[in-house]
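J.: With chain P's structure known, arrange chain H on it following the hints.
Number of protein chains: 2
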Amino acid sequence: MDTAKLLADLGALLGADKVSRDPARLAARHRDTWVLSLWRKMRDKQFLPPACVVTLKSTEDAAKLLQYAAGNKVPVVPFGAGSGVCGGILAEPEVVVADLTELNRLLWVDEVSLTARVEAGMLGAEYERALRERGFSMGHFPQSIDCSSVGGWVATRAAGQFSTKYGCVEDMLLAVRAVLPDGTIVETKAAPRASAGPDLKQIFLGSEGTLGIVTELTYRIHPVPEATQLRSFSFPSMHAGLEAIRLVMRGGWRPAVLRLYDDVEAARHFGGHVDEGEALLVVVSEGARTMVAAEGDAVEQICEAAGGRSRGRAPAQKWLKERNVVPSFETFLEQGIIVDTIEVAALWGRIGELYDAVLEEMRKLPELIVVSGHSSHSYPQGTNIYFSFAAGGDDLEATYARCWEAAMKATLDHDGTISHHHGIGRVRAPWLPAELGSSHLLLRLLKRAIDPHGIMNPGVMLEKVC
Amino acid sequence: MDTAKLLADLGALLGADKVSRDPARLAARHRDTWVLSLWRKMRDKQFLPPACVVTLKSTEDAAKLLQYAAGNKVPVVPFGAGSGVCGGILAEPEVVVADLTELNRLLWVDEVSLTARVEAGMLGAEYERALRERGFSMGHFPQSIDCSSVGGWVATRAAGQFSTKYGCVEDMLLAVRAVLPDGTIVETKAAPRASAGPDLKQIFLGSEGTLGIVTELTYRIHPVPEATQLRSFSFPSMHAGLEAIRLVMRGGWRPAVLRLYDDVEAARHFGGHVDEGEALLVVVSEGARTMVAAEGDAVEQICEAAGGRSRGRAPAQKWLKERNVVPSFETFLEQGIIVDTIEVAALWGRIGELYDAVLEEMRKLPELIVVSGHSSHSYPQGTNIYFSFAAGGDDLEATYARCWEAAMKATLDHDGTISHHHGIGRVRAPWLPAELGSSHLLLRLLKRAIDPHGIMNPGVMLEKVC
Chain P
0 MDTAKLLADL GALLGADKVS RDPARLAARH RDTWVLSLWR KMRDKQFLPP ACVVTLKSTE
60 DAAKLLQYAA GNKVPVVPFG AGSGVCGGIL AEPEVVVADL TELNRLLWVD EVSLTARVEA
120 GMLGAEYERA LRERGFSMGH FPQSIDCSSV GGWVATRAAG QFSTKYGCVE DMLLAVRAVL
180 PDGTIVETKA APRASAGPDL KQIFLGSEGT LGIVTELTYR IHPVPEATQL RSFSFPSMHA
240 GLEAIRLVMR GGWRPAVLRL YDDVEAARHF GGHVDEGEAL LVVVSEGART MVAAEGDAVE
300 QICEAAGGRS RGRAPAQKWL KERNVVPSFE TFLEQGIIVD TIEVAALWGR IGELYDAVLE
360 EMRKLPELIV VSGHSSHSYP QGTNIYFSFA AGGDDLEATY ARCWEAAMKA TLDHDGTISH
420 HHGIGRVRAP WLPAELGSSH LLLRLLKRAI DPHGIMNPGV MLEKVC
Chain H
0 MDTAKLLADL GALLGADKVS RDPARLAARH RDTWVLSLWR KMRDKQFLPP ACVVTLKSTE
60 DAAKLLQYAA GNKVPVVPFG AGSGVCGGIL AEPEVVVADL TELNRLLWVD EVSLTARVEA
120 GMLGAEYERA LRERGFSMGH FPQSIDCSSV GGWVATRAAG QFSTKYGCVE DMLLAVRAVL
180 PDGTIVETKA APRASAGPDL KQIFLGSEGT LGIVTELTYR IHPVPEATQL RSFSFPSMHA
240 GLEAIRLVMR GGWRPAVLRL YDDVEAARHF GGHVDEGEAL LVVVSEGART MVAAEGDAVE
300 QICEAAGGRS RGRAPAQKWL KERNVVPSFE TFLEQGIIVD TIEVAALWGR IGELYDAVLE
360 EMRKLPELIV VSGHSSHSYP QGTNIYFSFA AGGDDLEATY ARCWEAAMKA TLDHDGTISH
420 HHGIGRVRAP WLPAELGSSH LLLRLLKRAI DPHGIMNPGV MLEKVC
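Quick note, the sequences are listed as chains P and H, same order.
Residue 80 in numbering that gives the first Met the number 0 sits at position 81 of the first sequence, with consecutive numbering throughout.
Residue 16 in numbering that gives the first Met the number 0 sits at position 17 of the second sequence, with consecutive numbering throughout.
Treat the hints as calculated values from the structure; they're not laboratory data.
Some clues are possibly wrong.
Identical copies carry no separate label here, and so any pair may be met within one copy or between two of them.
Here are the simulated DSSO-like pairs of lysine-lysine, each with C-alpha atoms no more than 30 Å apart in a straight line [said to hold, decoys possible]:
{"#": "1", "residue 1": "LYS17", "residue 2": "LYS44"}
{"#": "2", "residue 1": "LYS164", "residue 2": "LYS188"}
{"#": "3", "residue 1": "LYS188", "residue 2": "LYS363"}
{"#": "4", "residue 1": "LYS40", "residue 2": "LYS317"}
{"#": "5", "residue 1": "LYS17", "residue 2": "LYS4"}
{"#": "6", "residue 1": "LYS188", "residue 2": "LYS408"}
{"#": "7", "residue 1": "LYS320", "residue 2": "LYS363"}
{"#": "8", "residue 1": "LYS320", "residue 2": "LYS164"}
{"#": "9", "residue 1": "LYS188", "residue 2": "LYS56"}
Just chain P, with the same shape it has in the complex (with noise of 0.2 Å):
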């Protein structure tokens, strides 16, 4: 379509005030936080803009910016703070992109029944300040809390530091509005729980842009939390760690953090408080005075049967101060070497298995510096590891691909799930079919029933054209 043309409608539809192509705002619009993109944006020293960016400050504009998209089969990219990781968000030159920051207040919270009502592009921790305020907390502290948005989580399937206790973003979501990809709005009704049907908010958890825009959240909030208790305890290995976690999990507790760094993230991050070797495990427990102290003692004799030594509370105020603090991966592009973050999840009968296959695996690559891996959200049934990697060579984006593949095909090969909390994206697109296998199909058919001229977000998780 005529760029021209374009701007010239949306501007009349919305007000031309809310339609812009400054570079500027093109420029910090138009992707996410994925490091490749990072990367071509420093090799490349230049980019193509995408159409426009319009900023939405109602449902209602959303609604009516899809539907003049899908009637002019104008592909339309959302954008909730850019925070991602993976490369869901992209725009490309045709592309109009949907900006969702000024969608940002809290519409008001519900004390009795504990939900509070938000706008998606709300940022995460201003939102939980606001709750804070009143007493109350989310429960959901992503590491990208200060730069990611409440809608945000929703779409990508968030989850936070504290989720063994208060559940990951699926369980917080009462209710959504969004905008189908026709332009029409749908509302799910914010019940404590029914049986009407399947649960049709589920749609949007992890749809990435890809179905439509979610516009409001009713979130599930709590009470802030009477007491909290810091442990930590060194482990002979990794192996015996998660063991411990196992053993926890089964036993019925659910400390807020159960977070265990293998040795060279232990050394790296709690370097006097680990022998060599020792892998270290960082629990927080929260809730009731009784609870917290019932919970401490347990946690404290199972990790001392299964091998572990107990290492105080500093360890654990370490990582508490310290958890959002993160290497920009332009500190270390500019010297030639690609970070990245690859986290998987499996039962507990395949997770020691894949720790080690995906270490093997990455440690065979010759450009590989360092990789190395943390388990930070755990099940009764299994947990994840959250692996970290350091990568050089001449070609980085090469050294990437290498990089990930290894990774992808090692927790494929043990029964791993590919993503278990940043998603999908265009850094996990090739590996989905595997992952899903014949429930592909399913994804294809709500792609096609819910946006059958293709115009959200194309490119993301499934092939451009469905």
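T.: Same frame as chain P, but now just chain H:
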């Protein structure tokens, strides 16, 4: 389609022994336990049988059947165990009943990852018994456990009596194998948690046989709890008891059972343990010994502060013993009385008014004999009310319709959900559009995408022709 040809085709496809026109079998498989189906049978003394019953022995049998049915536009009604109470199964003359009762094996138990794989037609009580023999439990105890199937639980989005601790069926289902209406077999992955697009197994949770046939399930299991503690409390009113439950949930406690009977039901079931007009709360705490002790103390403190009076273990023991004993619908129908239950739910901010309104509206009906309610499934955000009613009059079917109309309307007027865990079937179908509002469109899109010819369980949930 000509019945003789249908029988010949199916016999050739699946084996003649799997296709039955035996009148007793047709009668036993053509409907669920909906009271109106029972009443019509008693009143009319005859029924129009479905075309045939096909016994499925494998997922592949189901695939063959549905591929044939889709190609020939033959309606198919899956039959699990027939315990539903909403008219979700009512096979009309041209229908093929897909009988899952012989697809009933426990395939394996993974004692490390706490999962089990089971075929959809296994009876709940048999599944639980097999787990108990190994020291495990599913934690799912619907009143129907002796006569409902593990696959029916998924189809209807079931909830069990211990849901407050262990969750409802959607919290227990890890993976599903199902056959789509065109005969395609799909299987979702068993991961502890994933962010790989929308959670596709959700499509089947609450699908009530309208989106395919669920054939195998991987469920979470847990070790049999170490300790159990029983308590009970009387409250001056239902409202006071509801407030106590709200505060228990808000405090982060999760007793397996928090079951509050209103004055009518408390007097009926716990006559010696309550004073006139009092409500009665039964509490069961389960889990690790120290957790149960802390929880028991906290619950007692909260209940007493909220005006409750401890009534000891006896009422809880009585409930545990008698919990699955219910008088049959037929006993009442023979006396010219129609009885039924209506379970709804709402957020805490609305549930008290909803309870009052449903009672008030139903008590306005001249044919009503009695209506009462209890809360049996609680969440930090709200709870359900399970209403029971009995009514008479010259035209029981008309009486019944008026009772439901009153309850559904009062529920919707108070922002409640029309079903907490029994599902939609035929009895609630007229109110589903109002329940889902704008999101009803998503259900229609899903149905059209997955079952374009509308062969699966027509007449349930959605209008017959999509």
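J.: Now tell me, hint by hint, if it's right for this structure.
T.: To see whether the hints hold, each was checked on the structure:
1. In this assembly of identical chains, LYS17 and LYS44 lie within 30 Å of each other by CA distance solely inside one copy; the values are 28 Å within and 69 Å between copies.
2. In this homomeric assembly, LYS164 and LYS188 come within 30 Å of each other (Cα to Cα) both inside a single copy, at 25 Å, and across copies, at 24 Å.
3. In this homomeric assembly, LYS188 and LYS363 come within 30 Å of each other (Cα to Cα) only across copies, at 28 Å, whereas the closest approach inside a single copy is 51 Å.
4. Neither within a single protomer nor between protomers do LYS40 and LYS317 lie at most 30 Å apart by alpha-carbon distance, with minima of 35 Å and 70 Å respectively.
5. In this homomeric assembly, LYS17 and LYS4 come within 30 Å of each other (Cα to Cα) only inside a single copy, at 16 Å, whereas the closest approach across copies is 64 Å.
6. Proximity of LYS188 to LYS408 under the C-alpha cut-off of 30 Å is restricted to the inter-copy arrangement: shortest distance 16 Å between copies versus 40 Å within a copy.
7. Taking CA atoms no more than 30 Å apart as the test, LYS320 paired with LYS363 passes in neither setting, with 35 Å inside one copy and 61 Å between copies.
8. Proximity of LYS320 to LYS164 under the C-alpha cut-off of 30 Å is restricted to the intra-copy arrangement: shortest distance 20 Å within a copy versus 33 Å between copies.
9. In this assembly of identical chains, the alpha carbons of LYS188 and LYS56 lie at most 30 Å apart only when taken from the same copy (23 Å versus 39 Å across copies).
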